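Enquirer: So the sequence lines, in the order shown, correspond to chains W and S.
According to this note's numbering, the stretch in the first sequence is residues 1 to 499, in order.
According to this note's numbering, the stretch in the second sequence is residues 1 to 499, in order.
FYI, nobody ran anything at the bench for these hints, they're computed from the structure.
Each computed DSS-like pair below joins lysine-lysine, with the alpha-carbon atoms no more than 25 angstroms apart:
#1 W:Lys193 x W:Lys161
#2 W:Lys51 x W:Lys161
#3 S:Lys316 x S:Lys193
#4 S:Lys445 x W:Lys387
#5 W:Lys445 x S:Lys445
#6 W:Lys480 x W:Lys469
#7 W:Lys445 x S:Lys374
#8 S:Lys495 x S:Lys193
#9 S:Lys445 x W:Lys374
#10 S:Lys193 x S:Lys161
#11 W:Lys475 x W:Lys458
#12 W:Lys240 x W:Lys163
#13 W:Lys281 x W:Lys387
#14 W:Lys445 x S:Lys387
#15 S:Lys97 x S:Lys469
All values reported here derive from a predicted model rather than from experimental measurement.
There are 2 protein chains.
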Amino acid sequence: MKSIVQIIQERPWVGWLIFGLTVVVVFLAGLLATSIMERRGETAALFQMVKPIADWEPRNEVWGENFPRQYQTYQSTLDTTFRSKHGGGAMIDHLEKYPNLVILWAGYPFSWEYNQARGHYHAINDIRNILRTGAPNETTLSPMPATCWTCKSTDVPRMMKEKGIGEFYKANWKDWGDEVVNPIGCQDCHDPKTMNLRITRPALIEAFERRGKDLSRATHQEMRTLVCAQCHVEYYFKGKEEKYLTFPWDGGTSVEAMEAYYDAIEFSDWTHALSRAPMLKGQHPDYEIYLTGVHAERGVACADCHMPYRSEGGVKFTDHKIQSPLNSIAAACQVCHRESEATLMDNVYSRQDKVIELRSRVEEALAKTHIEAKIAWDRGATEAEMKEVLQLIRHAQWRWDYAAASHGGTFHSPLESARVLGSALEKAGEARVRLAAILERRGVKTPLELPDISTKAKAQAYLGLNMEKLLAEKKEFLEKVVPLWDSRAAERQGKMNAD
Amino acid sequence: MKSIVQIIQERPWVGWLIFGLTVVVVFLAGLLATSIMERRGETAALFQMVKPIADWEPRNEVWGENFPRQYQTYQSTLDTTFRSKHGGGAMIDHLEKYPNLVILWAGYPFSWEYNQARGHYHAINDIRNILRTGAPNETTLSPMPATCWTCKSTDVPRMMKEKGIGEFYKANWKDWGDEVVNPIGCQDCHDPKTMNLRITRPALIEAFERRGKDLSRATHQEMRTLVCAQCHVEYYFKGKEEKYLTFPWDGGTSVEAMEAYYDAIEFSDWTHALSRAPMLKGQHPDYEIYLTGVHAERGVACADCHMPYRSEGGVKFTDHKIQSPLNSIAAACQVCHRESEATLMDNVYSRQDKVIELRSRVEEALAKTHIEAKIAWDRGATEAEMKEVLQLIRHAQWRWDYAAASHGGTFHSPLESARVLGSALEKAGEARVRLAAILERRGVKTPLELPDISTKAKAQAYLGLNMEKLLAEKKEFLEKVVPLWDSRAAERQGKMNAD
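Next comes chain W alone, as it looks inside the complex (with noise of 0.2 angstroms):
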């Protein structure tokens, strides 16, 4: 047998070919080996600023300049379609949907009208047409302080910058209407010189101050959450005349530590029309049941699941089209999920739906309690007879509230949710026993027959709300006062453009 050089003495390209193999074989080997042992590094996120951006600049699009794929999907927030099996679309009016609603909150503006919350792109609009606002002109003024503007624009860092924090709460509601024009945007969240997150709203930064935190340590992962827990949490207006916005943290951030804080100041948000209870109205606790869920647990940030990262054109960047989960569900779950969109959809409405059926039967046990504490009232129940009921019903339609209001909590932690309306319920039902034996001393005999309170239009008039004056002023107001108010928002900002 020949030898392998006597074989390429003989044909020269035979060396050659061997040669050529091998250099393509080491190749391969190496690409797969470089395939396999490579971690994809996150493209630096280089960027260059086309137009440099003022501090506390609010306008959207000014940033919009410099990003134009962020500024994009931001924009697209203006499209509410929202993916669901409860339909989506047109706004969700609570009220029609759950009347029983209207009951809870009899004496408080919520029961005039609660519809679903939309996209950050629709906020100085929502809360403009929104009638809890009010309809305020030149002489009267919104029932509302100013401090609920703090959650709805990008003006807000720089009206506090030049207010004050204090003076800037304290105003009424329509002393800012010209002020505040810009929706919720890029400034609420970014530095506009480093574009690093960073918190904008002070009531986040003093919550964790009292509680021995510095919010300036916290990592990116961490400010991915943060951003979003500066408005996306329970808080209250502190003081009668200061309206100080505030976060009732101090002994932590779950329903009873929450409870606990508001029964110690003996805080109420108002007093129930029916019942007479001193009641709580829970904000949004999204960040703090958020922090009670599966996800907290594992390090997903919010950011995460509703800022997915994208791909266009080679250049990774954040989604900034914040929505529900179920609308980028590849982008979103399927990142650590490895089940189909399907299976994933049907596991978020399944969690949903157990946690939404306790909702209901919270519901309907607390506007029956209600009413039974009217009628027990009106029969001539003593103070002392309704104080107990009075507390227990406080405590159980604060703790429907912190799950009810929760955007996403019946996902975000459905057991959580569920423990918290399963106490409500237990409370419900202790304040109902005792309204039993009251009712029943005075001779009226329970269960009660209850008033048709079916639809939102029943309820409320049950509840004798005149809902055409309160409508008819609130169209005034869209119709002059808010014009107006843009008018002077658009010189201002004319000059702003031209310095």
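Use these hints to put chain S onto chain W, whose structure you have.
Expert: Chain S only, in chain W's frame:
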């Protein structure tokens, strides 16, 4: 520059070096590619029978001669040391831990004694020891039918073969005392020739047939759950005489579907000694609750977590120490979950704690309801007044028991458990609202001063139970009757060996 052929001509070892390196590189590339693309097939479960096993062989040690690893791990279920924050080692006395249960089961033998389930190895001893099987002797019967043996022993399929299924069930429990002596084991789930999984208990097959499903078409992975579902389910004894073991699944396996099934046939396990409600005793609907959880949804079988694969001396086998996966997190959980042992353990307990909190609220409410109903009867409440109350009590306690009696339900499906417990709380509350009115009408002030039922002994004393008598009778039974059973069984099994 010299050509490669010239170099090789001058120094032939260079040619060999290049050739050798090529061979090495190609070989390594091959290894690498193989190691990447290979999906390690499961080692075929080859076995060689040392000694053939007869059909319906009940003795686990006979099977064990052929399958030492499986048998040894099975034997270790003798050890019930359970790694749990709730305390391990000794069998938990549930009545001592949750004295409300004594009240919930008033008039039913569960109020005498109810202990934590132990390993399969203990099944025969535990059913002999428990007070509710009574103290039968030559002249007296057990209060229980032979149906109670069905899930306790490998002797059951043999006896059903010998006596017939219906005849097996309808005997008295004591009738098979010397026949049913080998605890749950090999024969219950395996075919002695092929070791394939098989269903040996007719109730499961019958329940599937009634729903038009053919169990013989189940896949191996499904069988790894279904063999457990022979016993770990909700069931009842159908027929006053027949006591035929039946699963109430004709309308489905949800808590509502089974409740509707029992209501439709007007079945009740007993009449409550205090409230006189027609009660249902939930068995252990482990399979039913598991079906509603995420592990079932993802195709995970009972055996995947409770009998994970182990490897010993290169042999892969199924661990037959059936136990809490918390005792073997690495083998059971970390196959899929990448979190640390401590994290996974916390995750399990945090879910369980929330459900147990709700469960305790329901127990508290139910105990009050039964006692209030008793006072109502004592004060002359009428059947008409009480009718709705009793139905509410029946449903509330059934729903509680569905969630409470299930082994591991608080983890298998925490949210479904919470949903069901929430509905129990609502129904108990509704019952108490009606009871408050009934009591008040008779001048009884509510809320009532409740009796002291803070310990098992106090709760049993409140019910007027003569525990000393029950314990003395059981002692005599264990000392006099059981040894007879064992010696007769030994004699019979000795003959089997001689055959």
